[in-house]
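J.: Read off the chains here:
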Amino acid sequence: MTESTFFAAALAVYAAAAFFYLLFLFNGKERSAKTGFAVAVAGFVLHTGALILRTVESGHAPFTNMYESLSFLAWASVLAFVLVTLRFRMHRVGPYLLLIVIGLMALASSPLMPKEATPLVPALQSYWLWLHVSVTLLGEAFFAIAFVTSLMYLKARDPEKKERLDAVSYRAISVGFPLFTLGGLVFGMVWAQKAWGTYWSWDPKEVWSLITWFVFALYLHTRIVMGWKGRRSAFIAVLGFLAALFTFFGVNYLLAGLHSYA
Amino acid sequence: MRSLIRFFSSLRLAIVLIILLAAASVLGTLIPQGRTLEEYAVRYGGAAGILVKSGLTGLYHAAGFLALLILLGLNIAVCTLTRLPGKLRRAFRPRLETEAKALAGFKIHDRLKRSAPLAEVRERLETAMREAGWRVRSESRENRVHILARKRTAGLFGSDIVHLGLLVLLAGGIVTAAAGFRTELALSEGLTLDVPKAGFALRLDKFDTEYHPDGSVKAWKSSVTVLEAERPVRQAVIAVNHPLTHRGYSFYQMSYGDDWDATRVTLAVRKKDDPAPARPIILHPGRRLALGDAAGSEIELKRFLPDFVLGEGNRPENRSYRPDNPAALVEIRGGGETAFEGWVFANYPGFAQAHGREASGWEVGIKAFDAPRFSVLEAAKDPGVPLIWIGCLLGMAGLFLAFYWPAREIRAGLEEANGRTDIGLGGTAAKGRDRLQAEFTALVESLRRPT
Ligand code: HEM
Numbered sequence: 001m002t003e004s005t006f007f008a009a010a011l012a013v014y015a016a017a018a019f020f021y022l023l024f025l026f027n028g029k030e031r032s033a034k035t036g037f038a039v040a041v042a043g044f045v046l047h048t049g050a051l052i053l054r055t056v057e058s059g060h061a062p063f064t065n066m067y068e069s070l071s072f073l074a075w076a077s078v079l080a081f082v083l084v085t086l087r088f089r090m091h092r093v094g095p096y097l098l099l100i101v102i103g104l105m106a107l108a109s110s111p112l113m114p115k116e117a118t119p120l121v122p123a124l125q126s127y128w129l130w131l132h133v134s135v136t137l138l139g140e141a142f143f144a145i146a147f148v149t150s151l152m153y154l155k156a157r158d159p160e161k162k163e164r165l166d167a168v169s170y171r172a173i174s175v176g177f178p179l180f181t182l183g184g185l186v187f188g189m190v191w192a193q194k195a196w197g198t199y200w201s202w203d204p205k206e207v208w209s210l211i212t213w214f215v216f217a218l219y220l221h222t223r224i225v226m227g228w229k230g231r232r233s234a235f236i237a238v239l240g241f242l243a244a245l246f247t248f249f250g251v252n253y254l255l256a257g258l259h260s261y262a
Numbered sequence: 001m002r003s004l005i006r007f008f009s010s011l012r013l014a015i016v017l018i019i020l021l022a023a024a025s026v027l028g029t030l031i032p033q034g035r036t037l038e039e040y041a042v043r044y045g046g047a048a049g050i051l052v053k054s055g056l057t058g059l060y061h062a063a064g065f066l067a068l069l070i071l072l073g074l075n076i077a078v079c080t081l082t083r084l085p086g087k088l089r090r091a092f093r094p095r096l097e098t099e100a101k102a103l104a105g106f107k108i109h110d111r112l113k114r115s116a117p118l119a120e121v122r123e124r125l126e127t128a129m130r131e132a133g134w135r136v137r138s139e140s141r142e143n144r145v146h147i148l149a150r151k152r153t154a155g156l157f158g159s160d161i162v163h164l165g166l167l168v169l170l171a172g173g174i175v176t177a178a179a180g181f182r183t184e185l186a187l188s189e190g191l192t193l194d195v196p197k198a199g200f201a202l203r204l205d206k207f208d209t210e211y212h213p214d215g216s217v218k219a220w221k222s223s224v225t226v227l228e229a230e231r232p233v234r235q236a237v238i239a240v241n242h243p244l245t246h247r248g249y250s251f252y253q254m255s256y257g258d259d260w261d262a263t264r265v266t267l268a269v270r271k272k273d274d275p276a277p278a279r280p281i282i283l284h285p286g287r288r289l290a291l292g293d294a295a296g297s298e299i300e301l302k303r304f305l306p307d308f309v310l311g312e313g314n315r316p317e318n319r320s321y322r323p324d325n326p327a328a329l330v331e332i333r334g335g336g337e338t339a340f341e342g343w344v345f346a347n348y349p350g351f352a353q354a355h356g357r358e359a360s361g362w363e364v365g366i367k368a369f370d371a372p373r374f375s376v377l378e379a380a381k382d383p384g385v386p387l388i389w390i391g392c393l394l395g396m397a398g399l400f401l402a403f404y405w406p407a408r409e410i411r412a413g414l415e416e417a418n419g420r421t422d423i424g425l426g427g428t429a430a431k432g433r434d435r436l437q438a439e440f441t442a443l444v445e446s447l448r449r450p451t
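For the record, the sequence lines run as chains R and P.
Reminder that position 169 of the first sequence reads as 169 in my numbering, one-by-one numbering, no gaps.
Reminder that position 211 of the second sequence reads as 211 in my numbering, one-by-one numbering, no gaps.
These are computed hints drawn from the structure, not numbers from a lab.
Note that the structure is a prediction, hence the values are computed from the model and not measured.
Be careful, since some hints might not be right.
[Said to hold, decoys possible] Some, not all, of what chain P presents toward chain R, calculated at C-beta under 7 Å: (1) Ala22; (2) Ser25; (3) Val78; (4) His212; (5) Val240; (6) Ser255; (7) Tyr256; (8) Pro372.
Just so you know, even glycine gets a beta-carbon here, dropped at the ideal spot from N, CA and C.
For reference, chain P alone in the conformation it holds in the complex:
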């Protein structure tokens, strides 16, 4: 047990752990993390399988990496705790007694004699110290008076508070990993979805994209209603950097898209020998409609692609989800025969990739199309987050104490001999010794001054 504690309190272990963590972190940024096996195969060829199995492609969640973090946590905890009792004693029950020899060994020290009785010198020194903002304690033992003056004692604990903050932060990370919950909700306008495990639902009322004058996106905004037991209880607008939080769940604007499978397409349909203008026909993919002509023709919108390309084997497919080359596959049947079948293009009205089009007496074009927008919101519940903020606050407070609130003390020993008082003084500070030196000198000067 003893040796275990010694092992975990050693700073050498801390150095080894920090170096290992840093090295592993570097590795994790050189190997892209969390991609698919195919992507690794392209990049690393035959080694991809081994790489994925070894955990190097999910390095920050690999057991070895987590073990390093936990060991660092143990290291910090044991190291801080073993030093704490000594520090607490120094802060709250300090020894006031300092030998004259010890005082002479302080980095900052001085010695002087005053021809005044001890009690008077003691009074004068203590007053001068108090006036300069020191907290003073003293005791007399045998013939010697011991004085301890301190400032900013809290600074002693700066590093401990930093370390405590780091432990709280690690704990927060563990809670996040164990109990954090995230899921994506894809909502099209008007749709209501139950938030998993939350006991309430979210309805997307409207999704807007705002643009800058140069055409770049300024904002994505989802107007939503929170429904509890099917009753609206709250309305909010969710945008990037402006999440909605409701009953411990937060909702973030992640992405958006167009539901092309539900596109409302307006086709212009005309019989070539008919002098009447084209009729607008509104269809969704997979739907058919009677054209109401003498032959009893029916029109069907078989597919709609927002960005048509010919892929492998000249098969039509979608290149992207942006409406860069919208195309519709349309079929017209009349009297048991296909009168028209082919792709028509919104951007190229004169061009149709049709089978038997020459033969057909129909002319078809895309007049308009309108896909319902959907918004992808991320729902997250993370009970680790409060711990993270507490850890950050402690860490920053501790850093401030450690660097800008350095504890310092001045010790003095007074002895009387033959009506003269011999004064020995010594000062120590963890940091900011030049400051202490100045204060120390000022104090000594004030003692030297004749009354």
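Bound conformation, chain R alone:
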């Protein structure tokens, strides 16, 4: 079995999980949601297998080109989703998050993405690659959860449900923010210092990470100090995830910089 088989299998299983979750949205039966969750976990196991095989086959971290990074971000999002579901039992997050995951994986498998594993250029040969990218993407996965719950908040009507969605958004960001700070900014600076001799060079990818970080700093301060909650917080969380997505895609495709090999 090869990596791509596992990848395709994981994608199919996620799609099945999304089906059960969508069923749950219509019939409201907890059983459907639980089935969806179990199927999603099975997909996650297959996906983990794909990442491990990729690492073994290529001999390097499974996030060195766009195909790999998309797959890893999708994997991290499912991991964050599994953790959040176990903790908060928010079944309604499932269908939307899985749609994002499926979207990311479909994009990864599009013919536009070169899939072959190529040897690493010297700049990427460092264990900081592991630390920097995996922790950053894991942080972004929690931002993805907050994105979904915030959008759901903006749509929801029932005050009790809204309250819970708001709380889950905040909890996801309070996991995502430290992870993103550690992986994206701190590990990034350490690695840049090691590879290029300067911890910060105002490279577009760095700047967009900083912008993303500013947005979530705004989220935290308006919430904790000024008592903002609900609508306005949800807007900031949505904006923050969009900034993270732009850091991930936009910078690579629309702007040029030192990070352009990533």
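With chain R held as given, fit chain P with the ligand onto it using these hints.
T.: For chain P with the ligand alone, kept in the frame of chain R given last:
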């Protein structure tokens, strides 16, 4: 002064500053930074001059951007400092006294009565609290006993530590900008260069490029020797991601190249009517050599180009620094006349772009060429870096405290009336209220249980 402090401690200012910084940062990624005027002219036409003058092409180093960063620093410092005394008092000299009414106003609160004397209930409550890991303080005032139980008080200071870390980080950035020093050293093999201002020198012993099986580059490695007072003191290999640090200076593998102006070219030279095989002749650009024939001919290697193209006006020029089309301009003079002059190509031995070649009796080709490699190392000394790492550590420690070490407290007021003790309890937590709720309930349950 007062109003200045109020201005700088306001969170509204922080929000405005962060939004402005974010907006400026976005702008700086849309306009390519630090390019030449010509590049901007191609991109923006007539507006290029204004753009460059306005500082938008060096936005992150522009005075306005730095002013925003400094204002944010002041904002963080003043805001944190004005709140700190109150927090320190709460942490180290807390008021133990809480009115019964105040307790009832806590988000988590409860009230119960026990038919036992006050001293006994107090003892029991305090023991139960200690067993559950709370740090307990109490005092009795008039008829009322006040108890304060706390956990993870350090968590109160998480945000302050984050803010301190950010200030240290900003300070590190200022030190880097003011005192950081960087320069490029281009070293060819065997060459020694003094590191500017460092009091030691670096010699490149060898430069290697390693390749992956598919031909892509695996590593660039500069083997260097550090020389102090002309004595070797240290040998090291510098590669990408593996800098060398010596006496506060760090050396990074930045790039490499071939010193084509010093190429050693081996030419094959033969007289057409001479049956003897071609003679190899080794030359550097600009050098000439006697061919040792009867006419006393001399050969000169006038130029060498690694990637020959015909440019404007059919002038030969170099397209790149890769040896894609190596060519040599060769002249042979004999008896006061030019017997051969023209470009010869390594990739096209049969083709020479020669003047008067037909007339000449000479045949010239390139047999081999070998340019000395040079390695470009970046030498950097940045006294701001330690501050940056301290700032990062403080920031992460503070984030951990702020998010995962939430301070919480339970306050209790005990009063005795008619042999029964009335107990009021209230709990507060900055975060993780559900955790506190569970702990609180457990405590109340243990009080309710009969002895
Ligand atoms: C980009 C800059 C900043 C960052 C990254 C930052 C970070 C933080 C963090 C992580 C927290 C803790 C949040 C929590 O407990 O959930 C916090 C709290 C806080 N920050 Fe900032 N901060 C920044 C700038 C500022 C500025 C400029 C001010 C002043 C106006 C400020 C005022 C506060 C206040 C008042 C708190 C709550 C303090 C408390 O009660 O513990 N922050 N900040």
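J.: If a hint holds in the structure, say so; if it does not, say that too.
T.: Outcome of the hint check:
no. : hint   : verdict
1   : Ala22  : holds, 4 Å
2   : Ser25  : holds, 5 Å
3   : Val78  : violated, 14 Å
4   : His212 : holds, 4 Å
5   : Val240 : holds, 4 Å
6   : Ser255 : violated, 11 Å
7   : Tyr256 : violated, 11 Å
8   : Pro372 : violated, 21 Å
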